Each structure stands twice: as C-alpha cells, then as structure tokens.
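Asks: Sequence:
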Amino acid sequence: MRSLLPSLEPTAVVGQFPMQTLAFEPIESGQFSNSPTPLGLGTSLMLNLDEFPELKWLSTYLTYLHSLQSECDRLSHAIQSIAEAGNVYRDYWIEPYTKTKKGKDYTYYQLRWLTGERKKSGQPKVKTKHLSHRAVAEVQAAIARGNQVEALEKERRQVEVEIERIKYLVRGTGRRLHRVVSQNFKGWEGKRDE
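In our numbering, each number is its position in the sequence shown, counted from 1, plus 397.
A hint or two may mislead.
As the list claims (entries may be wrong) - Restricting the straight-line Cα-Cα distance to at most 30 Å, the calculated cross-link-like pairs of lysine-lysine (DSS-like) are:
#	residue 1	residue 2
1	524	551
2	496	526
3	564	551
4	501	526
5	526	499
6	516	526
7	498	526
8	524	501
9	496	516
10	496	524
11	524	498
12	516	551
13	496	522
14	453	564
15	551	526
16	522	551
Unchecked claim - Label pairs and their computed distance ranges (CB to CB):
#	residue 1	residue 2	range
17	572	541	44 to 54 Å
18	447	538	51 to 61 Å
19	499	478	43 to 53 Å
Please keep in mind that the hints were generated in silico from the structure rather than gathered at the bench. A quick note: this is a predicted structure, and the numbers were derived from the prediction, not measured. All C-beta atoms in this analysis are idealised placements derived from N, C-alpha and C, irrespective of residue type, glycine included.
Model the full assembly from the supplied sequences, consistent with the hints where possible.
Replies: Written as structure tokens, this is what we have:
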C-alpha cells in the first residue's frame, strides 16, 4: 500500500524564518521502516518568505497582542474592584446652595443627575435630591468612583480597538499565506497530474 507523507526540509534562512520545501513522496508500505529518509519524487512547494515582510514582525505582533489582552484584563479587574468598593455614581454631581435664615447663611447640598431622557427643548432632564450633611462625603466618594470607572472604561475601549487592529493585521497575514500556499499547491497538483 502506498501513502503520501509530507516531508519538510530546510533549504535557506531568510531573516529569522527558515525557508522550507514541502515535498510529498510516495512510500511503499514496507519501505517506511527500512529507509531512514524517504526519497523525494516530485515538485517541491516553495514559499518565498521575502514576499511576506510582515512575518518578520509576526512574533512582535503576537507578543504585543498578548500584552494588550493582559492590559484589558487588568482594566476590567480594576473596574470590577471599584464597583465592589461601593456605589458608583456616573453623571451625578453635587451642587451647594446657600440660604439665609435669621441673618445667618446656611450651606445645603443637593445631588443632581442626568436621567437619560430629554426635554421637549432637547436639553437633558436633570433630577435633584436634597443631601444631608452626613451623606455628602459618601456621595462624593461614589461620584469619584464613577469618574474612575468612566476613565478606566475609556482606556479599556482604546485598548480593545488596538487589539482588533493587531488581530486584523495577523489575520490578514494568515490569509495571504494561506492564499499563496493554496495557489502553489494547486500548481503543484497540476504539474503532478501531467
């Protein structure tokens, strides 16, 4: 029984990537154990790595991609830690106001936030709630956490965009390699059939 086994033999080194020849050789069923190296019969497939300068950077791309994914995970963990620390108020703010009673000025605080809805005039709707003096520090901390989360989410979105860009470059290189190898293999099959 005969089978086709691929054989990879290094033929040259281009940059840091060795060029290799892929040859399919027919092997007799009993010949495999007797022969230390199969004999080559046929046309080899050659991949000229000079046509793919991006391969020189592929390991750098993959290392960079890994570091970006680690950074994205770190940011997600930081956001989760902040959320677990207490309330997170986003689009909230505190406005102090002063009232005069019996000749004395008293400062009060109100919590204001955007509802996400809009008035008929197009302006955003804002709700207001009176705050006691004891609650001001707690609400300020929640607003600070909201600002931190917003900044971290913005940073994470930027990292995610960069991850997609690098993935696109790597996938594009892979598709080009696959296309060239497929074309070369089809050419090799055509020569073999002749």
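Asks: Hint by hint, say whether it matches the structure.
Replies: Okay, the hints, checked on the actual structure:
1. A distance of roughly 26 Å separates the Cα atoms of residue 524 and residue 551; the hinted pair therefore holds under the 30 Å criterion.
2. Our distance criterion of 30 Å between C-alpha atoms is met by residue 496 and residue 526, whose separation comes to about 16 Å.
3. With a C-alpha separation of about 20 Å, the suggested pairing of residue 564 with residue 551 holds against the 30 Å cut-off.
4. Taking the CA atoms of residue 501 and residue 526, the gap is near 23 Å; set against the 30 Å cutoff, the hint holds.
5. Only pairs whose Cα atoms come within 30 Å are accepted, and residue 526 paired with residue 499 is accepted, the gap being roughly 25 Å.
6. With a CA separation close to 19 Å, the supplied pair residue 516 and residue 526 stays within the 30 Å bound.
7. The hinted pair formed by residue 498 and residue 526 meets the criterion: a straight-line CA distance of about 21 Å does not exceed 30 Å.
8. Taking the CA atoms of residue 524 and residue 501, the gap is about 28 Å. The hint holds against a cut of 30 Å.
9. Taking the CA atoms of residue 496 and residue 516, the gap is near 29 Å; set against the 30 Å cutoff, the hint holds.
10. With a C-alpha separation of about 20 Å, the suggested pairing of residue 496 with residue 524 holds against the 30 Å cut-off.
11. About 26 Å separates the Cα atoms of residue 524 and residue 498, which keeps this hinted pair within 30 Å; it holds.
12. With a C-alpha separation of about 28 Å, the suggested pair residue 516 and residue 551 falls inside the 30 Å cut-off, and the hint holds.
13. Distance restraint check for residue 496 and residue 522: the Cα-Cα separation of roughly 25 Å lies within the 30 Å cut-off, and the hinted pair is therefore satisfied.
14. Pair hint residue 453 plus residue 564 holds up; C-alpha atoms about 16 Å apart against a cutoff of 30 Å.
15. In summary, the hint linking residue 551 to residue 526 is supported, as the alpha carbons are separated by about 29 Å, within the 30 Å threshold.
16. With a C-alpha separation of about 24 Å, the suggested pairing of residue 522 with residue 551 holds against the 30 Å cut-off.
17. Checked against the hint of 44 to 54 Å, the pair residue 572 and residue 541 passes, with Cβ atoms roughly 47 Å apart.
18. In this structure, residue 447 and residue 538 meet the distance hint of 51 to 61 Å, their C-beta atoms being roughly 60 Å apart.
19. Our hint of 43 to 53 Å for residue 499 and residue 478 holds, since their Cβ atoms are close to 48 Å apart.
Violated hints are absent here; each numbered hint is respected by the structure.
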